[in-house]
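So the sequences go chain by chain: A and B.
Start counting the first sequence at 1; every next residue gets the next number (the working numbering).
Start counting the second sequence at 1; every next residue gets the next number (the working numbering).
It should be emphasised that the hints constitute simulated quantities derived from the structure, not laboratory data.
Note that the structure is a prediction, hence the values are computed from the model and not measured.
Take these hints with a grain of salt, some might be off.
What the hints assert, rightly or not - SDA-like, lysine to any residue: derived pairs with alpha carbons at most 20 Å apart: (1) B:K318 - A:I53; (2) B:K318 - A:Q82; (3) A:K44 - B:D380; (4) B:K318 - A:V63; (5) B:K195 - B:G184; (6) B:K318 - A:I55; (7) B:K318 - A:S57; (8) B:K458 - A:I53; (9) A:K87 - B:K458; (10) A:K87 - B:G184; (11) A:K44 - B:Y220; (12) A:K44 - B:S379; (13) A:K87 - B:F335; (14) A:K44 - B:D310.
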Amino acid sequence: MASHVIHALYTDDDVLMNAVKEAKKKHLHINEVYTPFPVHGLDKAMGLEPTRIAITSFMYGCVGLTVAILMMNFIMIEDWPQDIGGKPSFSYIENMPAFVPIMFELTVFFAAHLMVITFYMRSKLWPFKKAENPDVRTTDDHFLMEIDATGQDAQELADFLVSTGATEINLVANEE
Amino acid sequence: MDYKLSKNLKLTAFIFMAVGAILFAVDYVNLPKTTQEVAALEAAHGGGHGGGHEQTSHDTTTEGHGGDAHEVASAHGEGHAEGGHTMSKEEHLEHTLGEYQNKPWSAIYVAAFFFFMIALACLAFYAIQYASQAGWSPLVLRVMEGITAYLLPGSLIMFGLLLLSGLHVNHMFHWMDPALVEEGNEHYDKLIAGKSGYLNVPFFLIRAAIFIAGWNLYRYLALKFSKNQDEASDNRWHKKSFKAAAAFLVFFIYTESIMSWDWIMSLDPHWFSTLFGWYVFAGMMVCAITTIALVTMILKSQGYLEKVNDSHIHDLAKFMFAFSIFWTYLWFSQFMLIWYSNIPEEVTYYIQRIEDYNLPFFAMLGMNFIFPLLILMNSDFKRVNWFVVMAGIIILLGHYVDIFNMVMPGTVGKSWSFGFVEIGSLLFFLGLFIYVVFNSLTKRPLEPKNNPLIEESKHFHY
Numbered sequence: 001m002a003s004h005v006i007h008a009l010y011t012d013d014d015v016l017m018n019a020v021k022e023a024k025k026k027h028l029h030i031n032e033v034y035t036p037f038p039v040h041g042l043d044k045a046m047g048l049e050p051t052r053i054a055i056t057s058f059m060y061g062c063v064g065l066t067v068a069i070l071m072m073n074f075i076m077i078e079d080w081p082q083d084i085g086g087k088p089s090f091s092y093i094e095n096m097p098a099f100v101p102i103m104f105e106l107t108v109f110f111a112a113h114l115m116v117i118t119f120y121m122r123s124k125l126w127p128f129k130k131a132e133n134p135d136v137r138t139t140d141d142h143f144l145m146e147i148d149a150t151g152q153d154a155q156e157l158a159d160f161l162v163s164t165g166a167t168e169i170n171l172v173a174n175e176e
Numbered sequence: 001m002d003y004k005l006s007k008n009l010k011l012t013a014f015i016f017m018a019v020g021a022i023l024f025a026v027d028y029v030n031l032p033k034t035t036q037e038v039a040a041l042e043a044a045h046g047g048g049h050g051g052g053h054e055q056t057s058h059d060t061t062t063e064g065h066g067g068d069a070h071e072v073a074s075a076h077g078e079g080h081a082e083g084g085h086t087m088s089k090e091e092h093l094e095h096t097l098g099e100y101q102n103k104p105w106s107a108i109y110v111a112a113f114f115f116f117m118i119a120l121a122c123l124a125f126y127a128i129q130y131a132s133q134a135g136w137s138p139l140v141l142r143v144m145e146g147i148t149a150y151l152l153p154g155s156l157i158m159f160g161l162l163l164l165s166g167l168h169v170n171h172m173f174h175w176m177d178p179a180l181v182e183e184g185n186e187h188y189d190k191l192i193a194g195k196s197g198y199l200n201v202p203f204f205l206i207r208a209a210i211f212i213a214g215w216n217l218y219r220y221l222a223l224k225f226s227k228n229q230d231e232a233s234d235n236r237w238h239k240k241s242f243k244a245a246a247a248f249l250v251f252f253i254y255t256e257s258i259m260s261w262d263w264i265m266s267l268d269p270h271w272f273s274t275l276f277g278w279y280v281f282a283g284m285m286v287c288a289i290t291t292i293a294l295v296t297m298i299l300k301s302q303g304y305l306e307k308v309n310d311s312h313i314h315d316l317a318k319f320m321f322a323f324s325i326f327w328t329y330l331w332f333s334q335f336m337l338i339w340y341s342n343i344p345e346e347v348t349y350y351i352q353r354i355e356d357y358n359l360p361f362f363a364m365l366g367m368n369f370i371f372p373l374l375i376l377m378n379s380d381f382k383r384v385n386w387f388v389v390m391a392g393i394i395i396l397l398g399h400y401v402d403i404f405n406m407v408m409p410g411t412v413g414k415s416w417s418f419g420f421v422e423i424g425s426l427l428f429f430l431g432l433f434i435y436v437v438f439n440s441l442t443k444r445p446l447e448p449k450n451n452p453l454i455e456e457s458k459h460f461h462y
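Please construct the entire structure, taking both the sequences and the accompanying hints into account.
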């Protein structure tokens, strides 16, 4: 049997939030929700796991800090020691305060950039990727909830979704 | 539900005060009172502090060029033509005795200032809530009002201490010595004389009086307005609170800055830092927010403030985290520029602290930066009460040490120790603070009524 999904469109984020909660109550499987802007609390209502990006951010920050320490040690102490402002570069620790801004900046740089790249990869976003968005109106003023309709009575589902405030309902056959 | 001051808490506060006073008295009796006693003490400690009298050349005995510069020269072990002033044995003993005489005063001063600044910064944080129309915080506004109750006694104690210094009862403020600004006097200090248009006792006390009056006036008005709003049928009083808060914040940020130069930076009268006001501000702010969080959790654990939820604690912990980072940022900005430029009149400040106050100087960084950074970084930890309490206690102790480091080197110098006078003063003012704060919390319902933002605060959810 071919798999089907139902696209239910909403025009208000509060209505959408309620619909998601109702659908969850009925143990429907929500594949995805497309919204024009981040809806606060939607992830919790959908039962998504908390993001782990903060942990990766911390690890990337540690990498950046390490890179900064090793880099400044190589540049300023080992490779080409200089006497700047009467502070000869004989040892790392004595010159450490001068390197703190670099340590800070590289920590932030690594954490921020690698975190964004991680987010792109995890969300399967890359250049020239075809948009997965099923309906362009969700980039404007519509909200779309995609529900797995395989093995379910489509009419019954549609009636339920209308009762939650959906303005439009489409039954779509998965092409895969 | 109205808060009732429990007997235990009252008793605890009084025990703190009594034990503090006893410890202070015990140690005070043992401090050397004459140069003979100083000599005996030094003999017992193996002859003198820091070794050699040249290093103890100090701004009380050097002239013109400024005593601090000599300390750099001697600290670097360089011969310095002008800094060649060598103290005689008598001068050294006299000088050290002066430091010991300052010790109990400085201990009181540090503790008094520490709790005073918590109340003052709490008032500023309270004003920020009104000025920014914050929706999350109305449930904890009464806690803040309670903490600011210490402002009046705290600021009057501070004024009393400054007045006693101005009357030369103690010699914490070196620049108050009239000999330094008298031309032709052997102790004439050109730098301090140049600042005497601003740094003179009458103007100093007038400034302090104006600041203290202004802060207390705002607190009086803010409490009156919030009391009236409780019984009001419209938002008239809330709007007045908003206007008063905005006006106070403008007044506060100028006066806080000047207060920090006057009351702390002038203890090292040759030294100056242009971001000192901000630095003190960041420290007092993080202490105030920590205190709000601690008092809120204490009240909640006793069954009050039932509407306050995890998210409120989370927000306060976020502020604790953020202001700890902000404090570190300012601390480092101040330190690095002075360290790198290495100008004698500036860098002595840190040389003295690193050489003579090494442990508190670096321990403070761990307590105020590394510890809160690691403990409070995780979002979930900010909702776990005992994590916040632990971080809060370390932060408060760390900032006490920070104030200690700001005050002691300029008044007590090398003769510092963390003894019973310091612990006693800290305990005494802690007891007083607890009593005043919790006693004032009993005066009014803990939940504001008719605050237009109270519903948002009750449903506040992160």
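To see whether the hints hold, each was checked on the structure:
1. B:K318 - A:I53: 19 Å, holds
2. B:K318 - A:Q82: 41 Å, violated
3. A:K44 - B:D380: This hinted pair holds, its Cα atoms lying about 15 Å apart.
4. B:K318 - A:V63: Given that 20 Å is the threshold and the Cα spacing comes to 24 Å, the pair is violated.
5. B:K195 - B:G184: Cα-Cα ~17 Å, so holds.
6. B:K318 - A:I55: Satisfied, since the Cα-Cα distance of roughly 18 Å is no more than 20 Å.
7. B:K318 - A:S57: 18 Å, holds
8. B:K458 - A:I53: 30 Å, violated
9. A:K87 - B:K458: This hinted pair is violated, its Cα atoms lying about 57 Å apart.
10. A:K87 - B:G184: Roughly 39 Å between the alpha carbons, so the hint for K87 of chain A and G184 of chain B is violated.
11. A:K44 - B:Y220: 44 Å, violated
12. A:K44 - B:S379: 16 Å, holds
13. A:K87 - B:F335: Judged against 20 Å, a Cα distance of about 15 Å means the pair holds.
14. A:K44 - B:D310: 17 Å, holds
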